[in-house]
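So the protein lines, in turn, are chains A and B. The opening residue of the first sequence carries number 1 in the working numbering; numbering runs sequentially from there. The opening residue of the second sequence carries number 1 in the working numbering; numbering runs sequentially from there.
Calculated directly from the structure, the hints in this document are not laboratory data. Just so you know, not all the hints are guaranteed correct.
No distinction is drawn between identical chains; accordingly, a pair holds when it is met within one copy or between any pair of copies.
Quick list of in silico lysine-lysine cross-link-like pairs, BS3-like style, CA-CA up to 30 angstroms [stated by the list, open to error]:
1) Lys212 x Lys243
2) Lys56 x Lys152
3) Lys212 x Lys272
4) Lys167 x Lys56
5) Lys243 x Lys152
6) Lys21 x Lys243
7) Lys272 x Lys21
8) Lys21 x Lys152
9) Lys56 x Lys243
10) Lys212 x Lys32
11) Lys272 x Lys32
12) Lys21 x Lys167
13) Lys167 x Lys152
14) Lys21 x Lys212
15) Lys167 x Lys32
16) Lys56 x Lys212
17) Lys152 x Lys212
18) Lys21 x Lys32
19) Lys32 x Lys243
20) Lys212 x Lys167
21) Lys32 x Lys56
22) Lys272 x Lys243
23) Lys167 x Lys272
24) Lys152 x Lys272
Number of protein chains: 2
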Amino acid sequence: MIIDCHGHYTTAPAELEAWRKRQIAALDDPSKAPRREDLVIGDDAIRASLEGAQLKMQRERGTDLTIFSPRASFMAHHIGNEATSREWSEVCNDLVHRVCQLYPDNFIGVCQLPQSPGVPPTNCIPELERCIGELGFVGCNLNPDPSGGYWKEPPLTDRWWYPLYEKMVELEVPAMVHVSTSCNPCFHATGAHYINADTTAFMQFLTSDLFKDFPTLRFIIPHGGGAVPYHWGRYRGIAQDMKRPPLDEHLLGNVFFDTCVYHYPGIELLTKVIPVDNVLFASEMVGAVRGIDPDTGHHYDDTRRYVDQVGALSEQDRQKIFEGNARRVFPRLGMRSAREVNRAGAGA
Amino acid sequence: MIIDCHGHYTTAPAELEAWRKRQIAALDDPSKAPRREDLVIGDDAIRASLEGAQLKMQRERGTDLTIFSPRASFMAHHIGNEATSREWSEVCNDLVHRVCQLYPDNFIGVCQLPQSPGVPPTNCIPELERCIGELGFVGCNLNPDPSGGYWKEPPLTDRWWYPLYEKMVELEVPAMVHVSTSCNPCFHATGAHYINADTTAFMQFLTSDLFKDFPTLRFIIPHGGGAVPYHWGRYRGIAQDMKRPPLDEHLLGNVFFDTCVYHYPGIELLTKVIPVDNVLFASEMVGAVRGIDPDTGHHYDDTRRYVDQVGALSEQDRQKIFEGNARRVFPRLGMRSAREVNRAGAGA
Chain A
1 MIIDCHGHYT TAPAELEAWR KRQIAALDDP SKAPRREDLV IGDDAIRASL EGAQLKMQRE
61 RGTDLTIFSP RASFMAHHIG NEATSREWSE VCNDLVHRVC QLYPDNFIGV CQLPQSPGVP
121 PTNCIPELER CIGELGFVGC NLNPDPSGGY WKEPPLTDRW WYPLYEKMVE LEVPAMVHVS
181 TSCNPCFHAT GAHYINADTT AFMQFLTSDL FKDFPTLRFI IPHGGGAVPY HWGRYRGIAQ
241 DMKRPPLDEH LLGNVFFDTC VYHYPGIELL TKVIPVDNVL FASEMVGAVR GIDPDTGHHY
301 DDTRRYVDQV GALSEQDRQK IFEGNARRVF PRLGMRSARE VNRAGAGA
Chain B
1 MIIDCHGHYT TAPAELEAWR KRQIAALDDP SKAPRREDLV IGDDAIRASL EGAQLKMQRE
61 RGTDLTIFSP RASFMAHHIG NEATSREWSE VCNDLVHRVC QLYPDNFIGV CQLPQSPGVP
121 PTNCIPELER CIGELGFVGC NLNPDPSGGY WKEPPLTDRW WYPLYEKMVE LEVPAMVHVS
181 TSCNPCFHAT GAHYINADTT AFMQFLTSDL FKDFPTLRFI IPHGGGAVPY HWGRYRGIAQ
241 DMKRPPLDEH LLGNVFFDTC VYHYPGIELL TKVIPVDNVL FASEMVGAVR GIDPDTGHHY
301 DDTRRYVDQV GALSEQDRQK IFEGNARRVF PRLGMRSARE VNRAGAGA
């Protein structure tokens with residue numbers, strides 16, 4: 001079985017974006033505010049949005065289950081205030097929940113958090129509890145920079161974030177560290193801001209004792225860990241110069257990397273330098289890179305092919321990357337079937 | 001011959017830092033301002049600062065010439081105003097000039113620019129002209145973020161920077177894109193800010209037509225290009241989705257990567273995915289990572305060993321990486337000896 005731990009609902013029906021535009025327009029003129037019930041999307045529209053996209057690719061690429069969350073670039077936590085973000089998060093999470101209920105074997109849910117710049121992460125706990133407890137979700141996406149490219153929040157290792165971490169530990173859910181769009185003209189969103197955030201988060205973890213305080217807290221750093229595996233010697237050396245413990249002892253019980261690296265040499269390096277127990281299969285399809293590589297004739301983001309090509313991996317290693325590690329890092333999935341997980345959210 | 005294109009004077013005598021501290025203290029109380037002539041460093045102190053460090057490592061590692069610039073983390077362009085930065089840059093560049101005159105076979109100079117947040121880069125031209133024309137330097141370090149981690153300047157592809165680029169083209173000098181320290185608590189300087197800046201700059205170049213406007217402008221992206229080679233498939237795919245030309249046509253006549261990647265698998269990947277003509281040998285010794293890797297028994301930053309180990313490189317490839325490319329990218333060095341280059345700055 002192959003679990004793709006990183007997919008966003010990038011193909012949601014256009015009604016969702018239209019509703020969001022009305023919500024944004026109402027920031028200046030509350031009389032324009034859309035109601036929840038104004039967002040009407042039929043089951044057939046949801047099916048149509050997935051059948052030719054994520055589901056088709058699952059079939060073509062031979063992957064089975066996608067851990068699925070709202071579109072990252074649309075989270076846009078910088079827009080409006082806490083109430084704006086809460087309403088938008090609930091709408092987006094509800095839509096992912098419907099996807100999971102329509103295709104309970106193909107998707108399980110991860111939630112967007114209603115973060116807002118300067119607002120304590122504590123305030124995200126009710127939505128996290130709702131998504132985990134009622135919708136049957138198994139994780140969350142945590143944005144280290146709700147300002148959208150201006151990095152005004154404290155580092156992820158600051159006590160500012162601790163109440164949320166306490167709840168994550170209690171609920172047994174990991175977070176994928178994932179920024180949203182960039183408002184800073186210096187940073188292209190998917191080409192710079194995403195990758196920089198991954199690198200930044202890792203370095204925050206490295207310089208802290210966060211995992212002494214939370215031994216069972218788990219983070220997935222997406223996009224192959226940003227720059228980190230490529231510079232693994234740099235990070236080992238910096239940790240050593242700073243008298244930190246070796247990285248495997250210090251971080252690798254808590255920090256995991258996905259395989260969203262869109263060429264074979266990158267996946268080869270990732271699996272060579274990062275212990276196999278810390279690598280989770282992912283493609284982020286349909287996502288940042290949608291084209292076909294003319295050098296291979298395959299989609300850049302068909303990462304299964306790259307993992308399959310790595311001759312140094314044993315079958316047991318590959319099983320860990322494709323399935324076993326995800327079941328361990330997402331304890332609410334654990335050894336259960338996706339259908340069973342989704343049944344827990346069926347009443348919502 | 002082996003040319004290391006990326007070294008900073010990190011071991012400058014303590015008097016330099018003391019002078020800088022007085023300069024900073026005087027921002028609040030101008031009566032404390034140090035005079036230039038208060039900075040007294042004898043030739044013997046300069047020799048002592050290098051003999052046991054950069055020169056020792058050149059000898060031990062078998063490298064010959066270091067392209068040498070002021071300490072990057074001390075540039076701190078965010079401190080004070082334009083006048084502060086100008087005076088500090090002149091002091092630092094003059095000290096590098098003395099290094100080059102004392103060891104004309106071992107070092108040639110690259111200058112720090114007197115950037116200051118919000119101040120047009122045009123204002124850096126006099127110091128660039130002084131360093132190239134009078135001190136015999138061959139390039140400059142350009143900071144894309146003089147704010148020190150808040151990224152308030154326009155992207156490097158904005159016309160804001162064009163007057164400086166016109167002068168660089170006229171003088172035939174490349175720039176290494178290099179940030180300084182980070183004031184933003186989210187970004188560790190050498191572990192996050194440096195690497196993020198490299199990735200950011202590349203993506204700015206990718207999304208622009210800068211090199212149509214400046215066909216002979218050249219940038220070196222240090223630290224192995226940040227995250228870029230590891231994600232080369234992502235960048236190729238993003239460029240393709242954006243209908244940009246293939247990266248080799250679009251950028252690789254103008255953008256180069258150094259080899260400051262501190263483990264063998266990183267260098268192996270770099271040399272596998274980036275054309276050999278675009279890779280310049282560098283170590284950034286004595287720099288961000290100073291320890292010895294217990295796995296190899298050698299310094300992490302002894303990058304010559306990694307390049308030597310790559311079996312896929314021909315002797316001709318290795319000659320390009322070690323020497324030929326640097327002579328091409330730094331036309332003021334060209335085929336001349338370092339001593340000859342430094343002679344041009346001997347009268348200053």
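Comparing the hints with the structure gives:
no., hint, verdict
1, Lys212 x Lys243, "within (16 angstroms within a copy, 47 angstroms between copies)"
2, Lys56 x Lys152, "neither (40 angstroms within a copy, 43 angstroms between copies)"
3, Lys212 x Lys272, "within (27 angstroms within a copy, 39 angstroms between copies)"
4, Lys167 x Lys56, "neither (36 angstroms within a copy, 53 angstroms between copies)"
5, Lys243 x Lys152, "within (28 angstroms within a copy, 34 angstroms between copies)"
6, Lys21 x Lys243, "between (50 angstroms within a copy, 27 angstroms between copies)"
7, Lys272 x Lys21, "neither (45 angstroms within a copy, 45 angstroms between copies)"
8, Lys21 x Lys152, "both (25 angstroms within a copy, 28 angstroms between copies)"
9, Lys56 x Lys243, "between (49 angstroms within a copy, 25 angstroms between copies)"
10, Lys212 x Lys32, "neither (48 angstroms within a copy, 45 angstroms between copies)"
11, Lys272 x Lys32, "neither (54 angstroms within a copy, 55 angstroms between copies)"
12, Lys21 x Lys167, "neither (32 angstroms within a copy, 45 angstroms between copies)"
13, Lys167 x Lys152, "within (23 angstroms within a copy, 36 angstroms between copies)"
14, Lys21 x Lys212, "neither (43 angstroms within a copy, 37 angstroms between copies)"
15, Lys167 x Lys32, "neither (36 angstroms within a copy, 53 angstroms between copies)"
16, Lys56 x Lys212, "neither (43 angstroms within a copy, 40 angstroms between copies)"
17, Lys152 x Lys212, "within (25 angstroms within a copy, 36 angstroms between copies)"
18, Lys21 x Lys32, "within (10 angstroms within a copy, 56 angstroms between copies)"
19, Lys32 x Lys243, "neither (56 angstroms within a copy, 37 angstroms between copies)"
20, Lys212 x Lys167, "within (16 angstroms within a copy, 53 angstroms between copies)"
21, Lys32 x Lys56, "neither (38 angstroms within a copy, 71 angstroms between copies)"
22, Lys272 x Lys243, "within (25 angstroms within a copy, 33 angstroms between copies)"
23, Lys167 x Lys272, "neither (34 angstroms within a copy, 44 angstroms between copies)"
24, Lys152 x Lys272, "neither (35 angstroms within a copy, 38 angstroms between copies)"
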